[in-house]
Amino acid sequence: MDPYALKTLNAERRARRAAILVTDLGDGRDRIVREGDQVAGELGQAIAKAFRSGSSGSVEAEGRTFFLNAHLPQPRLMVIGAVHISQALAPMAKIAGYPVEIVDPRTAFATPDRFPDVALHAEWPEDVLKRQPLDSYTALAAVTHDPKIDDFALKAALDANCFYVGALGSRKTHAKRVERLLALGASADQIARIHAPIGLDIGAASPAEIAVAILAQTIHAFRSRGLEAKGAAA
Amino acid sequence: MDNSIYLDEARDPLIIAEGWMKDGKDVAIATVVETWGSAPRPVGSHLVIDAEGNFHGSVSGGCVEGAVVSEAIDVIDSGKAKMLEFGVADETAWQVGLSCGGRIKVYVERLG
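Chains as they are written, first to last, in full-length UniProt numbering: chain H, 1 to 234; chain E, 1 to 112.
Pulled out of the complex, with its shape left as it was, chain H reads as follows (with noise of 0.2 Å):
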């Protein structure tokens, strides 16, 4: 392996971000590449899969045979909001490979009580996204209801590109909510980015239901990442 190749993979790795480290496993030479880094042909139909997937594997291409190692960062689900439907979904998305942290200033509802065995933040979103940054591999679900709370850590989401981007809200929630984004500084493609109302339609009632749409609608956009790209190219 190249000594170059190792730090630039390690880099990545330490900063959250995807690389696929390529390898000719003929004459053993390497080299990595980046999210959004094009490679031409079958290798980079290949490549793209792998980011897709996180899974690594050979592949042969132009005649010869290419081991890719996918590096992704682990993908977690920032909730804000300790409410009724974070109780359910803490709980199912560590179980589905999510892990989760949840962040919400009312102490009366951020309690480990409440929350046993989940990372939880009885501090408003400014101060824990001060010190634990958004990124591209984090989702975001905003379901305290509450302007004061949410809105900040939308517009701190849809900034730092994460996967999944959600609001707990009616239409008539959402369209009031466009206008404060919008007055924060949010471009319109931006906020087109939020799911709202949040989930995927399976007709959910209960807490733990909206919890299972809410899941089901971040796994979706996880595993589709950068196809919506593409099809807007297209």
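Honestly, the hints are just simulated from the structure, not real lab data. A couple of the hints might just be wrong.
Lysine-lysine pairs mimicking DSS-like chemistry, simulated, CA-CA at most 27 Å apart [said to hold, decoys possible]:
| hint | chain 1 | residue 1 | chain 2 | residue 2 |
| --- | --- | --- | --- | --- |
| 1 | E | K82 | H | K7 |
| 2 | H | K172 | H | K148 |
| 3 | E | K25 | E | K80 |
| 4 | H | K148 | H | K176 |
| 5 | H | K130 | H | K155 |
| 6 | H | K94 | H | K130 |
| 7 | E | K22 | H | K7 |
| 8 | E | K25 | H | K7 |
| 9 | H | K7 | E | K80 |
Which bits of chain H does chain E cover? Going by a derived footprint, with three or more residues having C-beta under 8 Å, they are [said to hold, decoys possible]:
| hint | segment |
| --- | --- |
| 10 | 4-15 |
| 11 | 18-32 |
| 12 | 53-59 |
Every value quoted in this text rests on a predicted model; they were computed, and no experiment measured them. Glycine included, C-beta positions come from ideal geometry on N, C-alpha and C.
For chain H, the structure is supplied; the task is to place chain E on it using the hints.
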């Protein structure tokens, strides 16, 4: 399930390999490149080895690491990468096998 969102730097094989390199050590990196049947470690897993035979990480559940380490020391000496294959069918060739019945292919290369 390892659900940590940050790297566990003290146990991460690739971070350790980079540290060894900075310390001026000769290092080999072994990578699982293919698995068949029930294999204990997924494709992409790493074992890193220095010239004294110290190692971190894993390519199996501890079944074949010893053999990979000794091959890795050859690879460090020669600089020539090797493809190793382990499994129940290879017992006579390697004198080691995966008791789980799986088969794995491990690519061993020198760092630098």
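Status of the hints after comparison with the structure:
For the given pair, E:K82 sits about 22 Å from H:K7 by alpha-carbon distance, which is consistent with the 27 Å threshold. The hinted pair formed by H:K172 and H:K148 meets the criterion: a straight-line CA distance of about 17 Å does not exceed 27 Å. Proximity of E:K25 to E:K80 is assessed by CA-CA distance (about 17 Å); at most 27 Å being required, the pair is judged to hold. Taking the CA atoms of H:K148 and H:K176, the gap is near 13 Å; set against the 27 Å cutoff, the hint holds.
Distance check on the hinted pair: H:K130 and H:K155 sit about 13 Å apart at the alpha-carbon level, within 27 Å; holds. Proposed proximity of H:K94 and H:K130 is supported: the alpha carbons are some 24 Å apart, at most 27 Å. For the hint linking E:K22 to H:K7, the alpha-carbon distance of about 10 Å falls within 27 Å, and the restraint holds. The suggested pairing of E:K25 with H:K7 holds, with an alpha-carbon distance near 15 Å, which does not exceed 27 Å.
For the proposed pair H:K7 and E:K80, the alpha carbon gap of about 21 Å is at most 27 Å, so the pair holds. Restraint check on the segment 4-15 of chain H versus chain E: 6 residues with Cβ-Cβ distances below 8 Å, three needed, restraint holds. Coverage of the segment 18-32 of chain H by chain E holds in this model, with 3 residues showing a Cβ closer than 8 Å to a Cβ of that chain against a need of three. Counting residues of the segment 53-59 of chain H whose C-beta sits closer than 8 Å to any C-beta of chain E gives 4, which meets the bar of three, so the coverage hint holds.
Checked against the numbered hints above, the structure breaks none of them.
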